[in-house]
Amino acid sequence: MSVTTLPSRGQALRQPGWLARLFDYKPFLIVMCLAPAVGLLLVFLTYPLGLGIWLAFTDTTIGQRGVYIGLENFQYLLKDPLWWNAVFYSIFYTAVATFGKFALGFWLALLLNNHFPFKSLIRAIVLLPWIVPTVLSALAFWWIYDPQFSIISYLLVDVLHLRDSNVDFLGSPWPARFSLIAANIWRGIPFVAISLLAGLQTISPSLYEAAMLDGATSWQRFRYITFPMMMPILAIVMTFSIIFTFTDFQLVYAITRGGPVNSTHLLATLAFQRGIAGGELGEGAAIAVSMIPFLVFATLFSYFGLARRKWQQGEAND
Amino acid sequence: MTDVAAQSSNVASATPDTMAWDSRARRVVMIYLPLACFILILLFPFYWMAITSFKPNAELLNYKEHNPFWITSPTLAHVKHLLFDTSYPRWLKTTMLVAIGSTFLSLFASTLAAYAIERLRFRGSPYVGLGIYLAYLVPPSILFIPLATVIVQFGLFDSPLALILVYPTFLVPFCTWLLIGYFKSIPYELEECALVDGATRLQILWRITLPLAVPGLISAGIFSFTLSWNEFIYALAFIQSGANKTVPVAILTELITGDVYQWGALMAGSLLGSLPVALFYSLFVDYYVSSLTGAVKE
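If you read the protein sequences in the order shown, they are chains C and G. Using our numbering, read the first sequence as starting at 1 and increasing by one per residue. Using our numbering, read the second sequence as starting at 1001 and increasing by one per residue.
Hints should not be assumed to be uniformly reliable.
To be verified - Pairs of lysine-lysine residues, derived as DSBU-like cross-links and limited to a Cα-Cα distance of at most 35 Å, are as follows:
#, chain 1, residue 1, chain 2, residue 2
1, G, 1093, G, 1080
2, C, 119, G, 1184
3, G, 1064, G, 1080
4, G, 1184, C, 26
These are calculated hints, taken from the structure and not from any lab test.
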């Protein structure tokens, strides 16, 4: 048998031309394999990121190359009440929505971690708000928040008789702010719940059994087993959630476009309004760049979450 | 009576199913009731979307005589208006093209990158992996303004090709990350055997690693498709002409005309625009959940 295989192997080794041999040369292969991904990311992510920071220091408008003007854009923003308003609402929106998403999402994850019929079907249904295009579900919310034909108003006024007049969801600043937060929480719950459910399923049941034998109550089991074991995954999911809630755009743009009287502008929608719709690319870029410090903060949070996880599980598991 | 029995069985043999729950009533209050509320609230907007799309206008705007939660005389008028009087089919086609194009591009790029990082093992490969992971943390909201100028420089403004090229910036990091995890789970010995037998690296990737990583590729593909279908801010900033818009942008900018909102048509558009991803999702639910949770666990 070895007699027959040897010559054919020899042929196989001789056959490949220079091209095939080039592709078997490891450094070349590594470069070729990384080129598409790294190329795309460099051209459409790293370069625009750098360009954005540069634009923030210029007075570029659409159709006109700008010149370097130093910190003028930022100085202008610092004196601009609309920018401060957007900073305030971005932080408020992120804080309240993240808290809501995690409180409700964690609760839903705990519920889904029980045994009940049609479990996989229910888990699939729960994810729906997250996979449907945000703008389209936002439109549904817009219709639900309609001043005249809101179904919530109908329930409160005509069915439950709790109120005399329709709720004005989007007409004045504070109700509009909370309406948007509610829509964001609605959209965010599934992601949080399913991610945390995955974490819950990795907790060994023997821990709970041991705690039960020691007489722990269900609250104690949650507080001293579930919560600490979920900390690392909670930190990661929360970082992602904070980053993407803080930089949210679609929901606000679809439902209020920043109104009424600019009270619901997030930094992203303000950047769009000034940068693309208003044509002041430099100023829009400056608004976008002003989001970066918050994002860096959130990323560091993620890094320490990950580091702690490694320490808990040991190096071997990585 | 059941309480006593449950308590005694709790002490004697604590099986995971029954150990926490003393009675059926408590189980209903603690699990089924909140779960039902969650599902009701999470699904209500979809129900409302669906029911609005098939209501005639008379019913839609008259809550006094018609129960808003139900339709008495369903109509396809809104759907018909959408499909024949607007460019909706065209928007659907563009969105499909963009989603499929960017999905394939990102799968191609991220498979090769994940293979290089995980299997070709060179000095600094963990750093390249970390760099790609960090790219995922850069949100589109801080990139769209400079990217718009880049797109104009490249002469791609108002072209779906711009979206196909730009979407991989948020798809590639996620897919690479997911595929690295999958490649890790494939025994390295298989590749060594093939190397000994004289296969080239590309043959190994094509014939051995990729067929074994099919579940990972499907997860990454579904995820990319959904994300590119749903993408909004780039499509809003880079596409100007009505004909080239994607569904989410077109519904918001083209269907809303004047002060009177055509809620029936708007909701029908939203429903139709959500259906492809919902269908796609229902076919691959398990892959989807595993990609979501796998990414978090990695």
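Results of checking the hints against the structure:
1. G/1093 to G/1080: Judged against 35 Å, a Cα distance of about 17 Å means the pair holds.
2. C/119 to G/1184: holds, 30 Å
3. G/1064 to G/1080: holds, 27 Å
4. G/1184 to C/26: holds, 19 Å
When the structure is compared with the earlier hints, no violation turns up for any of them.
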